[in-house]
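**Q** Residue strings, one per chain:
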Amino acid sequence: MSGSFRDPVVLRSDDEDLVDVLEERRHGSDLGFTFRTFSPPSCPAPSVSSSDLRQSVLDSLFLRHVAKEVAVETGSPLEMVMGDARSILEEMSQNLQLGFIRLMAFTLTKVFKKLFRSIFINMDGLNTLQQAVQENPVVLMPNHRSYVDFLIISYILFAFDLPVPVIAAGIPLAGMKIVGEILRRSGAFFIRRSIGSDKLYWAVLSEYVRTIIRKEFAPFEFYVEGLRSRTLKSLTPKLGMMHMVLEPFFKGEVFDITLVPISVSYDRVLEESLLAHELLGVPKPRESTAGLLKATRILQEDFGSMFVNFGCPLSVRSLCEGRIDRCRFNLRPRHVPQQPSADVQACVSWLAHLVVRLQEEGSVIGPWSLMCCQLLQNPVHVLTGDGLDWQQLSDGTVWSRRLAVDCGARLSWSGSVSDPDVMTSAAALHRSVVQRRRGRVYLLQGEEPERRRPIGSEDGVMRTAAAVLMLASYRNQALHVFVRPAMLAAALNVTRSRRREQLLGFFCFLQDVFSHEFIFVPGRSTQDFEEACFYLKKCGAVNIDDQEVTVPDSGLEVLSFLQKLLQPFIDSYQVVFRFFCEDGPQVFSEKQLLPAVRQFATKLILSGELHTYEALSSDTQKNVLSALRRLQAVTKLRASEQNEYKVNREAVRRTADVLAGKIPPQMLQATPDARL
Amino acid sequence: CGRQPGSIVGVSNHIWQIKRQEIMKWNGWGYSDSRFFFNKKGQAEFTGRRYRLSGLIIPGLKDWFESTFGASLQHKTPATVSPILNSSAVQPPTLNEAFVEELKSTGIPLSHDAEDRVFRAHGHCLHEIFALREGKFGRVPDMVVWPNCHNDVVKIVELACKHNVCLIPYGGGTSVSSALECPPEETRSIVSLDTSQMNRILWIDEKNLTAHVEAGIVGQDLERLLNESGYCTGHEPDSMEFSSLGGWVATRASGMKKNVYGNIEDLVVHVKMVTPQGVIEKSCQGPRMSTGPDVHHFIMGSEGTLGVVTEVTMKIRPMPEYQKYGSVVFPNFEQGVACLREVARQRCAPASIRLMDNEQFKFGHALKPQVSSIFTSFLDGLKKFYITKFKGFDPNRLCVATLLFEGDREKVLQHEKQVYDIAAKFGGLAAGEDNGQRGYMLTFVIAYLRDLGMDYYVIGESFETSVPWDRVLDICRNVKARIIRECKDKGVQFSPLSTCRVTQTYDAGACVYFYFAFNYRGLSDPVHVYEQVEHAAREEILANGGSLSHHHGVGKLRKEWMRDTISKVGMGMLKSVKDYVDPNNIFGNRNLL
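From first to last, the protein sequence lines stand for chains H and F. Residue numbering for the first sequence follows our numbering, starting at 6 and increasing by one per position. Residue numbering for the second sequence follows our numbering, starting at 217 and increasing by one per position.
Mixed in with the good hints, there may be bad ones.
Ranges of calculated distance between the beta carbons of each label pair, as one might list FRET restraints [stated by the list, open to error]:
#, chain 1, residue 1, chain 2, residue 2, range
1, H, Glu-95, F, Ser-711, 43 to 49 Å
2, H, Phe-111, F, Ser-711, 39 to 45 Å
3, H, Glu-84, F, Asn-443, 57 to 63 Å
4, F, Tyr-722, H, Glu-84, 33 to 39 Å
Derived from the structure by calculation, the hints contain no laboratory data. Where a beta carbon is used, it is the ideal one built from N, C-alpha and C, also for glycine.
Looking at chain H on its own, in the form it has when it is part of the complex (with noise of 0.2 Å):
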């Protein structure tokens, strides 16, 4: 089985060459790949110890002067303050050691062998940042889809000789019984995860980060999207660390970062069953040692295979050239904390969606998830029910696999097995999911999840929508390939408009509203319509001159395919729209909120107003209320502690007409993207 991938159908541009870590692994001795002797090549700074590191965090002016202003606002004595530093350092802390990176690859390896069938990397990739951590501070920034990838980049920088990272964890990690330890002494380091206003730990935190960067330490890593992916798509890039790691740049500590694009992708998730019920409201079960342990038993199945894609290096000095004046640090120490201003958050904002963005192109898609895609076309009832004709699948998932190469995507399509062949090899990877039987192809409901309250019918909508958010995070996988070219089939459907400027108005609007859903680099709007156009043109689906969009007869069936990739989305963000307009309280917190639309939704499923599962999803929940916070129809209440929320049913109402095609975007105020 381990061959099926042996030829993957790379369908870019650039020579790679996709290498399988696995596969030397399973001919040599894991000992001897272990304990061989392990030379990287050294940055350039000399190399300091671990305690050196921490020791200059707690000397350095920055911390001192936070832990002046913390003794004077707590009126308690500056040593008591270092020491809470100290204490906040030594929790944080990681504490690099060779012998114990020797550990986890040995026990990687064992591992990864048991997982997967291959782990492939591209070997150019792994080539430039081999040169690029000699040059500057580098900064991988890989995506997070599963536990599995926490150590992965390490594992193969262990194997190529290259320095291993230093990576940042949540302190969940920390907690587990020996292997906390064992993470920390493989390079991570802890973080809390609600710092909130905690000066001091900030500033500990902050000063870490950069002290790290400055002194070229060792390659930072760390996950720009914040967490783990519940949903396989891309997470809206957070910013503090952003920031953390960027300023030894802007404030000329350092000559140049490099930034390292990763993109992590699998055949099949670990988790995904786990994670399907998390976004459907059961609570994540807690990082423990005893939880790994159980888990081994997910030793026996098979996941597929796992792509790892080192991205081209970025120079942060060369893409922040013309955003960023320098020399407003020239004014103040430069140890002084300082707001960030306008153009700098910007600038970070806009490198961190930039990342991303290209963590997404990086990331390699799978014939399973061009099946999700085709599967979600029809309704839920139809897979559970008299289920799909195989044939009708396979011939549409190779026609949709022609659309996703038109459209820039990096496949990972075994070109020597006959293509019936992968797409049955994969519909069995994923047998607990989908059954294929007599010619068809079923969705198979999850099992119970164990829950407390008696069983009411709607515990049947749960079951079903676990299965269906199953598929919808493996049709995910594959969504940025297609949302641009969707978007303009939607703005091209709901408009019914020709006029390119209509379309753009309709298409920014769609951004707008999708700004937490999926990924567009602040003030690339007209680029990314134009990259809509120019892909559906390609494809044939639409004539383009330039005032109008026009649209052949033989185009239909790819704009048809592309709006149902959309709807859903638009089906749930109109359900919540709707339940702030109708049901829901003028204020509210976002605890009470993600039960009550979830009920709401639920009602609608079942009275069968409602075809798409994915709005019981509490990540898109969270993402329309994003959406609608950025668009002030709901706004945050200053003075509450609990988070709460006021709606402003009005302008939410404005909004799902725009959506739905009943007034024009321009009647809706979009304040300026205060990230812009």
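Given chain H, put chain F in place with the hints provided.
**A** Chain F alone, transformed into the frame defined by chain H:
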């Protein structure tokens, strides 16, 4: 002239004849008789008899030169024009006949000879020298005048105003800011006002320790003449062989030994300047005044845009009893900077303290003349062994500070110990007087080296800035890296020399000098590439909190950054002064604003 010959203390009857080009190169740096060349054996030699290095063979230079730049002695680029200027290539002068007539009647010497005009049409920026070597002349002055005293200048300025002639004051011609370039758009007749004949010390006041000096005097003459009376000014810019007192005032010059004697603004007690509105000077010589903004500060740094400085009263000091050079080797540049910072903090800087980075250390090493005795070379070997092997200094990271102490013997020795003790705390090892002295000697010959480089496809330049202490390391690293990156981006085929040194320390910061040179083989327009890189380097300096200039001035080369540097209001202030003092832009060199 109303001057009484008997009262004159000293006249520099040195070399500053009206025809300066007879002893100086017209298309390169310095004296005609002094230059580097590679002899038949491929060894570098320095000609002439003026410098300690003169007549010596420098065995290490060829290897350093070839390995640093990827240059080769086989690939020569000699100046395309002969050492004698071809005057037919110079555009004929645009003369204002009425002005010339009236000026002739005053008896002030003047010339419109092509050689005289070309010689005064440039400073020593790379692009200026490069063009001369190629025999290209842009707009040059139409005439040169040589006033002999203050009153001559008054007459010239009056006539210039009357006939609307553009005046460009010319002192030593060592500008590196394009300040002497004639604005190409200038349609009036341009007259170069050469101050070299105003070179007398008019009086010395031993009670107040001041000297009143004509502004055309050249640095080395001023020091020599004062020394004859047992005094010195202590103002020693690297260009002091050729630069003039008036030029120092007009550009806010800085001297190597400013830690003891101060920069030009600290040394000047009284200035006389002739402007289109008349003569500006203060009524007394009080050591400090609270009389509104100090008008001297309109004059200092005016870069020839407001008038001609004719006479200056300067502080003088008794000549130091004892001078001692010294040097310290540091394991790396970071330690060296930390040491200089500590020396500045304790305010115990010697007369001069300079820190060279590793590349410059190697450069300095390559310039060691052939040692005469086996013993010296054995000692050198021993020293090297001690530092690199015994002390574990990495030869590719270590750097060296050169020191100069001045004062009475006992205090110098005490001071020396204090500084070496501080250095020791930063891992510094004393590395002897010789290294120190050679370091300072090199500052005078380094400009000659650029001419040698230009014979072999290598062009380069130095530029400077001042920067707060906390940013010194960052600016050095970033600017050097920027130069390297820009060269690569601009298609330079060979890795450039990109090096720096910290040359002055202050309470709140330091002066940093960058040297930058590259082999331009394969480039079609090397000067343009050079200028782009220098421009980028200056942007980098500013982005890292460095100043536009510490002492070179703005000229026309750095004008574009003035507004950001001193703000819009600041520009308005300077403009309104210019508008009042010189409404018809008689002093039309268009520097600064």
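**Q** Look at each hint and say if it fits the structure.
**A** Going down the list of hints, with the structure as the test:
no.	hint	in the structure
1	H:Glu-95 to F:Ser-711: 43 to 49 Å	holds (44 Å)
2	H:Phe-111 to F:Ser-711: 39 to 45 Å	holds (42 Å)
3	H:Glu-84 to F:Asn-443: 57 to 63 Å	holds (59 Å)
4	F:Tyr-722 to H:Glu-84: 33 to 39 Å	holds (35 Å)
Hint compliance for this structure: every hint is met.
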